[in-house]
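There are 2 protein chains.
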Amino acid sequence: MEAAASNQRRDWTSHPSLCQSCAATDRTAETETELRIGEIAITLPPQPDAGVYFIGTIHTPWRSRADCPKRGSINGPICSIALDELWRVALTGLADHRRLQVLYWMHDARRDLVLQTPYRTGTTTGTFALRSPVRPNPIASSIVDLVAVDDVTVQVRGLDCLDGTPLIDLKPDRTSEQE
Amino acid sequence: MEAAASNQRRDWTSHPSLCQSCAATDRTAETETELRIGEIAITLPPQPDAGVYFIGTIHTPWRSRADCPKRGSINGPICSIALDELWRVALTGLADHRRLQVLYWMHDARRDLVLQTPYRTGTTTGTFALRSPVRPNPIASSIVDLVAVDDVTVQVRGLDCLDGTPLIDLKPDRTSEQE
Chain R
831 MEAAASNQRR DWTSHPSLCQ SCAATDRTAE TETELRIGEI AITLPPQPDA
881 GVYFIGTIHT PWRSRADCPK RGSINGPICS IALDELWRVA LTGLADHRRL
931 QVLYWMHDAR RDLVLQTPYR TGTTTGTFAL RSPVRPNPIA SSIVDLVAVD
981 DVTVQVRGLD CLDGTPLIDL KPDRTSEQE
Chain F
831 MEAAASNQRR DWTSHPSLCQ SCAATDRTAE TETELRIGEI AITLPPQPDA
881 GVYFIGTIHT PWRSRADCPK RGSINGPICS IALDELWRVA LTGLADHRRL
931 QVLYWMHDAR RDLVLQTPYR TGTTTGTFAL RSPVRPNPIA SSIVDLVAVD
981 DVTVQVRGLD CLDGTPLIDL KPDRTSEQE
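Protein chains in written order, with the numbering used here: chain R, 831 to 1009; chain F, 831 to 1009.
Accuracy of the hints is not assured; some may be wrong.
A pair counts as met if it fits within one copy or between any two copies, since identical chains are not told apart.
[What the hints assert, rightly or not] Here are the simulated SDA-like cross-link-like pairs (lysine to any residue), alpha carbons at most 25 Å apart as the crow flies: (1) K900 - T873; (2) K900 - E915; (3) K900 - I872; (4) K900 - T863; (5) K900 - Q931; (6) K900 - T922; (7) K900 - S971; (8) K900 - I973; (9) K900 - L916; (10) K900 - I867; (11) K900 - G923; (12) K900 - A925; (13) K900 - P876; (14) K900 - T947; (15) K900 - D981; (16) K900 - V977; (17) K900 - R929; (18) K900 - V982; (19) K900 - D980; (20) K900 - R987; (21) K900 - R1004; (22) K900 - D926.
Keep in mind the hints are simulated off the structure, nothing from the lab.
The task is simple: from the sequences and hints, build the whole structure.
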């Protein structure tokens, strides 16, 4: 289902990246084929409808899902977003914004559950009623404070994801966009 | 680059879906091969790194980019999100939330510009300093008010995208998530 990374890219498979709400799901790689009571998995469509490029890598202090905060805080540690060289010029003007929206790909999450029973609550509910990383398209969105732009590295506060998470987008927060 | 839609899916290509910030970019299908003064296009990577499933269709009153509001409003019209049947069960519990985050795919937008000169401002800046739909991964995020869940249709207020836009995710807004 997932296209292979090109040779120039990092080996994403070596960086598990279940991030946002990871504490709520608390699902480890070893148990991803198991279902908890009440959970239902479906057969995914045979092929995706569109392709996503990984455009950089997010570096955080958190090396395991258990370490990740449940929710990012603007009082949290500075994290670094290392953009791939290809997109360098697209950072022009980013430093004029104070708040950014960061989209990233939780590539290690299974995508086939329609009902989930988070470990933390023990209550079974639909995937779309949860912010769990386990969902058809494992895309997370964080609003962060911009600290600095240094070459192709963007320093921010407010992330909650694992070190090594693939970046898929970076844009001014709606409230920060210049009119 | 984009995988072909399966036979069961709608023909997305017949529904141009440049949405969020469409007024800012004001780029029509006819002019997408042209560059404005200052704009720079790059050669995209030969293949994507991950695949996205279109999981439903967003229905709005806006049939052309010029009709779309620049920004969705919770005082705006009710829009309908029609989820594909495959994901029906994943809606369980959604009605318990008042605010949702909707992610959708602006599949008609070109993805190769690193510098853009929006028609509205005439100022050239980097793609990541804009919320333009023209970006490496054309994913938009909207926060909406939930009006009703009726079978596989979710009615909301606050969208700003074109009728026919492919849905890629639906989750409780961070402020609406149950603790």
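Consistency of the hints with the structure:
1. Taking the closest pair of Cα atoms, K900 and T873 never come within 25 Å of each other, the shortest separation being 29 Å inside a single copy and 38 Å across copies.
2. For the identical chains of this complex, K900 and E915 are neighbours neither inside a copy (31 Å) nor across copies (31 Å), given an alpha-carbon limit of 25 Å.
3. For the homomeric pair K900 and I872, neither the shortest alpha-carbon distance inside one copy (27 Å) nor that between copies (37 Å) is at most 25 Å.
4. In the homo-oligomer, the alpha carbons of K900 and T863 lie at most 25 Å apart inside one protomer (23 Å), although the nearest pairing across protomers, at 43 Å, exceeds that limit.
5. Proximity of K900 to Q931 under the C-alpha cut-off of 25 Å is found in both arrangements, the shortest distances being 18 Å within a copy and 18 Å between copies.
6. Taking the closest pair of Cα atoms, K900 and T922 come within 25 Å of each other only across two copies (23 Å); inside a single copy the shortest separation is 32 Å, beyond that limit.
7. When the C-alpha separation of K900 and S971 is checked against a cutoff of 25 Å, the pair qualifies both within a copy, at 14 Å, and between copies, at 21 Å.
8. For a Cα distance limit of 25 Å, the shortest separation of K900 from I973 qualifies both inside one copy, at 14 Å, and across copies, at 20 Å.
9. Proximity of K900 to L916 under the C-alpha cut-off of 25 Å is found in neither arrangement, the shortest distances being 32 Å within a copy and 29 Å between copies.
10. Within a single copy, K900 and I867 get their C-alpha atoms as close as 23 Å, which meets the 25 Å cut-off; across copies the closest is 45 Å, which misses it.
11. Within a single copy, K900 and G923 get their C-alpha atoms only as close as 31 Å, which misses the 25 Å cut-off; across copies the closest is 21 Å, which meets it.
12. Taking CA atoms no more than 25 Å apart as the test, K900 paired with A925 passes between copies only; the shortest distance there is 23 Å, against 28 Å inside one copy.
13. With identical chains, the CA atoms of K900 and P876 are never at most 25 Å apart, being 33 Å at best within one copy and 36 Å at best between copies.
14. Proximity of K900 to T947 under the C-alpha cut-off of 25 Å is restricted to the intra-copy arrangement: shortest distance 17 Å within a copy versus 38 Å between copies.
15. Taking the shortest alpha-carbon separations for K900 and D981, neither the intra-copy value of 30 Å nor the inter-copy value of 32 Å comes in at or below 25 Å.
16. Only within a single protomer do K900 and V977 lie at most 25 Å apart by alpha-carbon distance; the minimum there is 22 Å, versus 28 Å between protomers.
17. When the C-alpha separation of K900 and R929 is checked against a cutoff of 25 Å, the pair qualifies both within a copy, at 20 Å, and between copies, at 19 Å.
18. In this homomeric assembly, K900 and V982 never come within 25 Å of each other (Cα to Cα): the closest approach is 28 Å inside a single copy and 30 Å across copies.
19. When the C-alpha separation of K900 and D980 is checked against a cutoff of 25 Å, the pair qualifies neither within a copy, at 28 Å, nor between copies, at 31 Å.
20. In the homo-oligomer, the alpha carbons of K900 and R987 lie at most 25 Å apart inside one protomer (15 Å), although the nearest pairing across protomers, at 28 Å, exceeds that limit.
21. In this assembly of identical chains, the alpha carbons of K900 and R1004 lie at most 25 Å apart whether taken from the same copy (23 Å) or from different copies (11 Å).
22. Proximity of K900 to D926 under the C-alpha cut-off of 25 Å is restricted to the inter-copy arrangement: shortest distance 21 Å between copies versus 29 Å within a copy.
In summary, the numbered hints that this structure violates are 1, 2, 3, 9, 13, 15, 18, 19.
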